[in-house]
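These protein sequence lines map, in sequence, to chains A and B.
Mapping to my numbering: the first sequence position 32 is 32, numbers consecutive.
Every position in the second sequence, counted from 1, becomes a number in my numbering once 482 is added.
It is worth saying that the hints were derived from the structure and are not from the lab.
Treat the hints loosely; a few may be bogus.
Claimed, not checked - Chain A stretches covered by chain B per the calculated footprint, using a threshold of three residues with CB under 8 Å from any CB of chain B:
# : stretch
1 : 40 to 52
2 : 126 to 136
3 : 172 to 180
4 : 206 to 215
5 : 417 to 430
From the three backbone atoms N, C-alpha and C, an ideal C-beta is built for every residue, glycine too.
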Amino acid sequence: MVLLWVILIPLAGGVFLGALGHRRWAFFANIAFSAATALAACVMTADVLRAGPLLALRQQFFIDPLNVFLVDLTALVGLTTSIFSRSYMRVEDRLGHLTQARLRAYHAMYQLFLFTMLLALTTNNIGVLWVAMEGATLSTALLVSLYRTPQGLAAAWKSIILCGVGIALALLGTILVYFAAHAVLGAGGALLWTRLEAVKARLDPAVMAVAFVFLVVGYGTKVGLVPLHNWLPDAHAEGPAPISALLSGLLLNVALYAIVRFKALASGTPDAHWPAALMMGFGLVSVLVATFSLGRQRDVKRLFAYSSIEHMGLATFAFGMGGPLANFAALLHMTVHSLTKSSIFFTSGHVAQKAGTRDTQRIAGVMDSSPAAGWAFLLGGLAILGMPPFGVFASEFLILTAAVHDAPWSVPLLILALGVAFATIFQATQGMVFGASPGPRGSRDLALAPSFVHLALVLALGLYIPHALAAWYAAAARLAGR
Amino acid sequence: MPLFAQIINLLAALFLLTAFAMLSQRRLANLINLYAWQGLILTLGIAVAAYGTRSIHLYVSALVNGVLKVVAIPMLLRRLVRRLDVQWDRESLVRIPTMMLIGLALVVFAFNASLPIADFAHTADHETVGIALASVLLSLLTMILRTTAVSQVIGFLALENGLIFAATSVTYGMPMVIEFGIALDVIVGIFILGVVFFHIRSQFDSLDLHHMEGHGE
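With the sequences and hints as input, model every part of the structure.
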């Protein structure tokens, strides 16, 4: 039953913060709700470690190795982001960028956004998963247009329409899966992951083929797979920094999680190779297009948004290859990318707020004006580029190893993309971190503590993966299929 | 073929007809009327399926869809159009006869694509799957070729109608909880879009999406 608390706490938080209106302590209440969620996730994890996979509320909710670490990751990043959000949004408030009503909407939507993501992860019902993803789209749109600037509204519009259409296609895919399963399972249980998983070899391959195309295109829009990625850089750039961190670190993972589960279903029959090919194609195109778009970005948040597309593409490609090694690598990559990228969005948001601009050419001397921000930026940049000993190095290395074995033709392309990404992002971050600062030296503050916590975790994962986590990854890799 | 399945077939044909009509209609008031008609055809289709299968849950679904798509959403849209004072969509990128030809090609494609599904369908009637898929694609085309925010949203709502029609014709409806979830998302989405419309208008002085381009890059 503790599983239900993980979902109910953010829901209650959203309703509470929305109903009460903005108060001075709302920043703190936001942290408190996120911390309670994280605590519930910890208790839930302890249960899973002791008793194995869980089912709750007449099989409507479940936890297995594939979603347990994602729930933990979501709860953890939700907590650290709320801590960062307190200092960031208080400055925004002081600068007069936001009214009381907007802050109220912000905090309510923050919790509801977490709620929709946790619901999507823990539900056993593919219909509820769809409803939760649509809810996440709607709450994103409100958060992205928080500042009500023309750019913000354009970004929100793009995100509603593009993701809306994507999600609608995913609904069509869901209907078709239900249709295929209906013939095997009857009306009861034809939407439940656990039941579908058991009969996946008996689902009609022709129907599953059509369904999976719609599902990849649909949820792929939310993952930011090229050519459906157009909403993502705008949404990341225009929303407040904590929201960019949540979008990049969590929402993309949740959407990818949905695709991975459906892939396991669709490749249930022994001769179904096309789900793998489809995901590998989408993934590789995303990696290439995103890396070659990096060079044209002058907005620091757009730069890292394109980097998110690249990394999600890489994970999608790895899941497409399938097999124990590639799946393991992709799951690790989801985890470390999420931690690193949210850390980078904290730092870049903080830096852009101090500098008053997001233009990479006009930000300079971060190390000079604030050593903490400089180090966080430098290390975050190195970590996301896959420098050892950070965790991203380990996951990218494993993905490349799997690619050499399973899809050797893709290796030159991947290495080219990683090289281009390295050159572009390294140059951009060096330009911002070093040099003389135009402004006065900032005072020391703790705003970036969450950034360093994330980087420390990524470093730790690069050096040593705890036994329990490795066991989950291995079990999840088996679930994700070949 | 039982009588109720023949009636659903007829309604499916009418449904496709409204999708085509929406493709060619540029006056917003007429577009909203067409949307309401489409909603009515959808509701009748679900009700007939409910009668044919004696399913209470489909009756409830017909009621929800009827209230939402024939009454509530068209009313909201009409009020929105009145308060925003927009009446016509701009001249679209592609001329209407060309749009119709593209639409025809899409219908042929949809029928071909739905063949494996139709072979497998265990419901009374097979052709409706192709029709539902065709109207989904036509609504997508409407969204792509329209340039004002309001008509894009109507295209989006028509897309959702097509999906519900697909669900009804393929599986006789999704489970109740899911249908309520979908309805809730649609209604919340409409409200959010309404709010965004007003802000877009006050920021750009227009609902023409061409004005919004260049702000993202």
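Hint check results:
no. : hint       : verdict
1   : 40 to 52   : violated (count 0)
2   : 126 to 136 : holds (count 6)
3   : 172 to 180 : holds (count 6)
4   : 206 to 215 : holds (count 4)
5   : 417 to 430 : violated (count 0)
In terms of the numbered hints stated before, the structure departs from hints 1, 5, listed from lowest to highest.
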